[in-house]
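K.L.:
Here's the letter readout for the chains.
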Amino acid sequence: MLMHSRFSRGLCTFASFVGLAAPLGAQTIDDGIMLSQKQVLTGNFYSYDTWDEYWEGALKRTNGNIGTITTEVNTITANYGVFDRFNVIGMVPYVWTRASQGVLHGIDGFQDLTLAAKWNALEKPMTSYGTLRTIFVVAAGIPMTDYNTELLPLSIGLGTARVSWRGTVHYQATPGWFLTGSTAYTMRSKVQLDRPYFYTNDEFVMSDRVDMPNIFDYAGSAGFMKSNGFMTSVTFSQMRTLGGGDIRRQDMPFVSNRMNAFRAGGMVMYPIPKLESLAVNFALAHTFDGRNVGEATTITTGLQYTFNRSFTR
Amino acid sequence: MRSLRPTLCWLLLAALSLTPTTSLKAASTDAGAGNWRMIVLTGPTQIAVAAPGSTTGLDYQAELNAIKSAQARITPEQRKAIDYWSRGGVLRWNEILIGLVARYNLQPPPNVDNSYPVPDANNPFAEPQFPFANPPYAARAYSYVTVAQYDALKAAWYYKYLYNRPAPWRVDSSIQSLMPASDLPAYPSEDAVLSGVTAEMLKLLFPAAVDEITLKAAEQRQAAMLAGRATSTDLAAGLALGQAVATAFVARAGADGMRTAGGSPAIWGAMAAGAAARGEIPWKSMDVPARPPMLPLFGSVRAWMMTPADIVRERPGPPPSTSSELMARDVAEVRRYVDTGTREELAIANFWADGPSTPTPPGHWNFIAQPYVRKAEMSEVRAARTFALLNMALHDAAVGCWETKYFYFNPRPSHMDPELKSIIGLPNFPSYTSGHSTFSGAAAEVLSYVFPSGAAEFQRQASEASISRLYGGIHYRTDLEVGLAHGKRIGGYSVTFARTDGAD
Chain R
1 MLMHSRFSRG LCTFASFVGL AAPLGAQTID DGIMLSQKQV LTGNFYSYDT
51 WDEYWEGALK RTNGNIGTIT TEVNTITANY GVFDRFNVIG MVPYVWTRAS
101 QGVLHGIDGF QDLTLAAKWN ALEKPMTSYG TLRTIFVVAA GIPMTDYNTE
151 LLPLSIGLGT ARVSWRGTVH YQATPGWFLT GSTAYTMRSK VQLDRPYFYT
201 NDEFVMSDRV DMPNIFDYAG SAGFMKSNGF MTSVTFSQMR TLGGGDIRRQ
251 DMPFVSNRMN AFRAGGMVMY PIPKLESLAV NFALAHTFDG RNVGEATTIT
301 TGLQYTFNRS FTR
Chain C
1 MRSLRPTLCW LLLAALSLTP TTSLKAASTD AGAGNWRMIV LTGPTQIAVA
51 APGSTTGLDY QAELNAIKSA QARITPEQRK AIDYWSRGGV LRWNEILIGL
101 VARYNLQPPP NVDNSYPVPD ANNPFAEPQF PFANPPYAAR AYSYVTVAQY
151 DALKAAWYYK YLYNRPAPWR VDSSIQSLMP ASDLPAYPSE DAVLSGVTAE
201 MLKLLFPAAV DEITLKAAEQ RQAAMLAGRA TSTDLAAGLA LGQAVATAFV
251 ARAGADGMRT AGGSPAIWGA MAAGAAARGE IPWKSMDVPA RPPMLPLFGS
301 VRAWMMTPAD IVRERPGPPP STSSELMARD VAEVRRYVDT GTREELAIAN
351 FWADGPSTPT PPGHWNFIAQ PYVRKAEMSE VRAARTFALL NMALHDAAVG
401 CWETKYFYFN PRPSHMDPEL KSIIGLPNFP SYTSGHSTFS GAAAEVLSYV
451 FPSGAAEFQR QASEASISRL YGGIHYRTDL EVGLAHGKRI GGYSVTFART
501 DGAD
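Chains as they are written, first to last, in my numbering: chain R, 1 to 313; chain C, 1 to 504.
What the hints contain is simulated information worked out from the structure, not anything from laboratory work.
All C-beta atoms in this analysis are idealised placements derived from N, C-alpha and C, irrespective of residue type, glycine included.
Keep in mind that the hints are not guaranteed to be accurate.
As the list claims (entries may be wrong) - Label-pair distances were calculated between CB atoms; the ranges are:
hint	chain 1	residue 1	chain 2	residue 2	range
1	C	S115	R	V163	46 to 52 Å
2	R	D202	C	P289	35 to 41 Å
3	C	R343	R	T301	29 to 35 Å
4	R	N214	C	E95	52 to 58 Å
5	R	F136	C	P180	52 to 58 Å
Unchecked claim - Some residues of chain R that are not near chain C, with every Cβ distance over 12 Å (derived):
hint	residue
6	K38
7	T42
8	E53
9	N74
10	G130
11	L151
12	L193
13	F198
14	R209
15	S227
16	R248
17	H286
Go ahead and model the full structure; you've got the sequences and the hints to work with.
P.N.:
Shown next as structure tokens:
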């Protein structure tokens with residue numbers, strides 16, 4: 001079986017304030033593909049994400065004090081097949097942000113480490129039609145540094161630790177077509193602010209600790225893969241934050257805002273001829289609808305290398 | 001050593017009991033507060049409060065019965081309200097007030113033609129919301145509410161000890177006392193005075209919040225009644241007194257110069273031309289689109305403890321010339337902090353940022369004062385005095401600082417160096433001197449006087465608030481140092497008043 005990464009949701013969706021969806025959408029956490037035992041997949045991905053329009057609550061607008069927000073993310077990933085049906089995944093992103101206008105300083109730094117365990121719980125061969133899989137993933141994210149969460153949208157992350165519980169159903173047809181559906185519930189820890197109080201969701205709170213609403217998301221993709229490792233797919237994802245306030249009129253975003261986003265896009269993975277353990281990735285995604293996020297367009301490129309590829313089934 | 005301790009304790013207790021007027025003042029009812037110096041009122045009797053009926057009369061007995069039957073069917077919600085207001089009306093209203101400022105502290109968004117709408121006091125429910133509770137607006141609002149509360153409570157204290165009507169639970173032992181007990185006479189009710197004066201002031205300053213303010217004020221009065229602290233006549237007399245005191249303050253506020261503090265394009269154009277004529281780079285708005293300067297004539301708004309001549313006399317000398325070596329060094333220092341600052345410096349910048357959706361720096365200092373007031377177990381009138389002294393100083397600091405800012409019209413660091421970006425929001429008014437520093441210098445001066453044991457901590461906080469603006473990349477070091485000293489001098493005016501107002 002081939003392995004791939006699906007970047008249509010983008011590692012860098014934080015640029016659209018969607019800090020959480022980023023790691024969830026990353027390499028192989030929400031796809032239906034498993035590494036075989038002892039396989040190691042490593043990758044380096046770079047994404048470039050920009051927006052100039054954003055949703056202030058439900059109101060779509062631009063803002064001269066930021067112009068265009070650009071977020072670049074470089075992520076190193078590793079994926080290891082502990083068993084054929086049990087993989088572990090790790091990701092380390094470094095993020096740079098900047099605004100094209102205004103006087104706000106860009107920020108850069110390591111964002112959140114993501115670790116995930118992926119279990120192919122139920123694999124059901126359907127004779128000549130293909131294979132149906134049900135996969136469960138537990139993923140945890142934790143900020144690697146004490147980065148600034150109080151300068152959104154230029155902050156590089158939301159500073160919350162989180163655990164998500166994901167279920168994925170993957171249908172692999174015999175000629176190479178596939179269809180994947182995935183959904184997750186994410187719980188987030190309180191965020192520690194530097195400031196002693198804050199105003200959000202119609203409430204003034206005299207505390208430096210912010211309750212973070214949980215997140216529900218679902219995603220789907222359809223594509224085709226060849227035995228040499230070539231793969232292409234189209235994808236969509238919907239993230240819903242289950243609470244939190246809107247960005248107020250002419251206010252800055254706040255960590256616990258209700259951030260929703262509908263994104264769609266596509267990706268291609270192309271194995272280098274004669275060097276098929278090495279593959280290049282290209283993905284494009286766009287935020288078509290949202291709340292308290294930027295209308296972001298994300299381009300991602302990446303290189304990934306598989307060790308022990310000959311052991312693949 | 002150990003054996004000496006109990007002895008020492010007894011000696012201390014004995015000493016305390018011999019000097020109750022000084023050592024125990026904080027926890028006392030401040031029976032003499034009716035004669036403390038007024039600020040806007042001419043004296044405690046400016047507003048008449050008629051003598052109450054006798055506690056043996058039939059009418060009064062009916063009032064007591066009303067409390068008894070209300071207490072008999074008290075709801076969990078009402079108990080919650082009693083617990084809430086038990087912390088003290090002055091403290092609770094201060095918390096509500098800083099929350100209101102945070103809510104209304106948002107700049108108007110630009111119009112499609114790149115102009116900016118002006119919040120309209122006569123149409124407060126429309127967009128943009130009224131008010132834009134920026135630091136000067138907030139400083140003035142805090143001062144009007146707290147000074148009005150203070151004058152109203154002094155008047156209330158005067159009548160309380162003139163008429164000496166006891167609290168309902170003292171008259172009738174079948175009435176429970178559900179709030180911390182004291183010997184304070186009940187007529188007119190201090191809770192009702194506070195509810196009346198505060199609600200009227202808040203309706204003036206935050207008119208769109210009228211519904212919740214009215215409900216909160218009514219809840220405070222009901223809690224006082226349910227707690228066995230006031231009868232309906234105690235409440236009615238207090239409410240009327242509070243509202244009447246507010247009328248005097250509303251009149252002052254209408255004529256204090258705030259209405260014209262926004263200036264006009266001609267006025268701020270002349271300010272820029274003046275700076276240019278002196279050979280200086282004039283301030284310009286770094287907002288996109290450029291935003292009219294924040295309240296350029298706030299320096300002409302009436303102060304509490306300072307005359308217009310005092311404001312001018314205390315104005316610091318000019319900042320370093322925009323073409324000077326010192327200015328270049330100052331700019332380079334700001335650049336260094338924003339590009340290579342530490343996490344600790346960022347935390348300090350964020351802690352004191354007090355930008356949009358916060359209570360502003362004057363609110364931050366109220367927030368700092370709250371636990372001190374709580375811990376000192378002050379009477380309501382003394383708590384009100386503390387916040388009044390603090391907020392008069394903060395308002396006067398706003399007036400003095402704004403007068404200075406627009407007198408010199410000095411540009412911001414990111415104007416002097418276009419590559420210089422700030423790590424907190426950049427306020428939309430001239431740089432010299434720092435508002436944070438002026439506010440903090442004034443606040444620390446007053447709080448150090450009222451709570452001498454906290455003086456070192458207040459001064460540390462003031463210095464930190466001040467330097468936070470350099471860490472954030474929005475002020476030069478000169479702005480901070482000069483602002484802090486200016487604020488200290490301004491705070492001194494409130495302290496001078498406090499020394500002679502009869503309370504200490």
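K.L.:
Lying within 52 to 58 Å: is that true of the beta-carbon distance N214/R to E95/C?
P.N.:
With Cβ atoms ~29 Å apart, the hint is violated.
K.L.:
Could you let me know if the closest chain C CB is still more than 12 Å away from the CB of K38/R?
P.N.:
Since the minimum Cβ distance to chain C is about 41 Å, K38/R lies beyond 12 Å and the statement holds.
K.L.:
In terms of Cβ atoms, is chain C entirely out of 12 Å range of L151/R?
P.N.:
With a cut-off of 12 Å, L151/R comes too close to chain C, as the shortest Cβ separation is near 7 Å.
K.L.:
Against chain C, does E53/R keep a CB gap of more than 12 Å to every residue?
P.N.:
Since the minimum Cβ distance to chain C is about 14 Å, E53/R lies beyond 12 Å and the statement holds.
K.L.:
Hey, is L193/R genuinely clear of chain C, shortest beta carbon separation above 12 Å?
P.N.:
Contrary to the label, L193/R does not stay out of reach of chain C, its closest Cβ about 7 Å off (not over 12 Å).
K.L.:
Could you check that no beta carbon of chain C comes within 12 Å of the beta carbon of T42/R?
P.N.:
The claim stands: T42/R keeps its Cβ more than 12 Å from every Cβ of chain C (closest is about 31 Å).
K.L.:
Classify the label on S227/R as holds or violated, using whether its beta-carbon is more than 12 Å from each beta-carbon of chain C.
P.N.:
50 Å, holds
K.L.:
Would R248/R pass as off the interface with chain C, using Cβ distances and a cut of 12 Å?
P.N.:
Non-interface label on R248/R violated, nearest chain C Cβ at 6 Å vs cutoff 12 Å.
K.L.:
Per the stated criterion, does the least C-beta distance between H286/R and chain C lie above 12 Å, as a non-interface residue requires?
P.N.:
Given that every Cβ of chain C is farther than 12 Å from that of H286/R, nearest at about 26 Å, it holds.
K.L.:
Using the C-beta atoms of D202/R and P289/C, is the stated range 35 to 41 Å upheld?
P.N.:
29 Å, violated
K.L.:
If I take the minimum Cβ distance from G130/R to any residue of chain C, is it greater than 12 Å?
P.N.:
52 Å, holds
K.L.:
Measuring from beta carbon to beta carbon, are S115/C and V163/R in 46 to 52 Å?
P.N.:
Given about 49 Å between the Cβ atoms, the range holds.
In this structure, the earlier hints numbered 2, 4, 11, 12, 13 and 16 are contradicted, and the remaining ones agree with it.
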